[in-house]
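K.L.:
Assemble the whole structure, with the sequences as input and the hints as a guide.
Using the numbering used here, you'd call the opening residue of the sequence shown number 2 and step up by one each time.
You may find that some hints are simply not true.
Here are the simulated BS3-like pairs of lysine-lysine, each with C-alpha atoms no more than 27 Å apart in a straight line [to be verified]: (1) Lys232 - Lys263; (2) Lys303 - Lys263; (3) Lys305 - Lys263; (4) Lys267 - Lys303.
Simulated restraints, written as ranges between beta carbons of each label pair [unchecked claim]: (5) Glu41 - Arg132: 38 to 46 Å; (6) Arg45 - Thr274: 30 to 38 Å; (7) Glu270 - Gly224: 15 to 23 Å; (8) Ile12 - Asp261: 48 to 56 Å; (9) Pro203 - Arg304: 29 to 37 Å; (10) Lys121 - Gly148: 16 to 24 Å; (11) Ser206 - Asp142: 17 to 25 Å; (12) Ile12 - Thr279: 27 to 35 Å; (13) Arg307 - Ala11: 42 to 50 Å; (14) Thr279 - Glu15: 19 to 27 Å; (15) Asp299 - Arg45: 50 to 58 Å; (16) Gly120 - Asn205: 18 to 26 Å.
It should be emphasised that the hints constitute simulated quantities derived from the structure, not laboratory data.
Glycine included, each C-beta is placed from N, C-alpha and C at the ideal position.
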Amino acid sequence: MFHKPEDLPAIVREFIQWCDERARFPDPGPQRQNAIKRSEIPERFRVAASVCLDKGLLRGAGGDGYFLSAEGWLVADELRSAGRGGEVSAGAAATPERGDRSPVGGSGGDSRAVRRGDGKRWVWDLHPLSRHSWGNVQYPDDGTARGQTIELRRAKGMLNGEYAVVDLLPGESRPSKKMGTFTRRFYVPTEADLEIVRTKCPDNSDPAVPPWPRIEADLIAAGQSRDELVKLNAPTLLQLLAAAGSKAAVKRPGRKPDTDPKADAKLSEAWETGQHRTIADLASAFGIDESDARLALDRHRKRKERRVK
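P.N.:
Rendered as structure tokens:
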């Protein structure tokens, strides 16, 4: 989350300033005081508006906060407390069991509910080994039951760091093409899923964040085909991992893999191909510690030097 105005992208700061100026000099008419219609937002601010709404940056801007009503009005938050945001209050009252939720919608009927101020949880890309996978994503707990799927949206060009945009979309909604967005379906893990990760990847710090490259390597070592694995969903992959006994499959009985010259050579070959950016990535792919991977690379280098002499 941004903490200082100077940390915001220039276009976002410009949009917030535009909102403040527009709210100070509103057009006359019923329910128009301090309100901005979504369709009135200039095209150049569309992505910035999405960033602000998703990350709550408009709350407190210029002394006033703003929220988007069910009809698509961007309204000063002070009006809501004064009882002039009735259309939003009615929408929030419809789902009291989900906590404090504010309907966020557009003039085109693309409405969704974003929860403010609640705790977050990890959800997994439904197909975590596919080429376009987003992996593990932390998202505000919206009440979706464990074992179910949700659809998330991100804006192109804003996938990294603090500028990431992640929206929860109901099944009937689709992202606006003008926003340059795309979606993927995510899986909410069950306690059984977390237990498999906890058991099969004991050195992984958080079972809610599975090391998918390592899981893929373990399953391939257990005899699975990578071409088939990329097609499988997250819970199926974990079931295969539970049945494979992947830890035993990676290591030879009675002998540590990091003392095997052939294993060292295989690991060194994988490193020299450049497919792994860091030794940590290499170690994760082979299911070993980073320190063991460094030792294996060093042993293999020394063996090659001895053969040359």
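K.L.:
Now look at each hint and say whether the structure bears it out.
P.N.:
Here is how each hint holds up against the structure:
Straight-line distance between C-alpha atoms of Lys232 and Lys263 comes to about 31 Å, which puts the hinted pair past the 27 Å bound. For the hint pairing Lys303 with Lys263, the CA-to-CA distance comes to about 14 Å; that is within 27 Å, so the pair holds. Proximity of Lys305 to Lys263 is assessed by CA-CA distance (about 13 Å); at most 27 Å being required, the pair is judged to hold. Proximity of Lys267 to Lys303 is assessed by CA-CA distance (about 15 Å); at most 27 Å being required, the pair is judged to hold.
Roughly 40 Å separates the CB atoms of Glu41 and Arg132, a value that falls within the hinted 38 to 46 Å. For the hinted restraint 30 to 38 Å between Arg45 and Thr274, the CB-CB distance of approximately 44 Å leaves it violated. In this structure the supplied range 15 to 23 Å holds for Glu270 paired with Gly224, their Cβ-Cβ distance being about 21 Å. Look at Ile12 against Asp261: about 55 Å separates their beta carbons, and that is inside 48 to 56 Å.
For Pro203 and Arg304, the Cβ-Cβ distance of about 31 Å falls inside the hinted range of 29 to 37 Å, so the restraint holds. Taking 16 to 24 Å as the suggested C-beta distance range, the pair Lys121 and Gly148 conforms, at roughly 19 Å. For Ser206 and Asp142, the Cβ-Cβ distance of about 21 Å falls inside the hinted range of 17 to 25 Å, so the restraint holds. One distance hint, 27 to 35 Å for the beta-carbon pair Ile12 and Thr279, holds here, with the actual separation near 33 Å.
Take Arg307 and Ala11: their Cβ atoms lie about 59 Å apart, and the range 42 to 50 Å is violated. For the pair Thr279 and Glu15, the supplied restraint of 19 to 27 Å is violated, since their beta-carbon distance comes to about 38 Å. The hinted window of 50 to 58 Å between Asp299 and Arg45 holds, with their beta carbons roughly 54 Å apart. For the pair Gly120 and Asn205, the supplied restraint of 18 to 26 Å holds, since their beta-carbon distance comes to about 21 Å.
In the structure shown, a violation is registered for the earlier hints numbered 1, 6, 13, 14, in ascending order.
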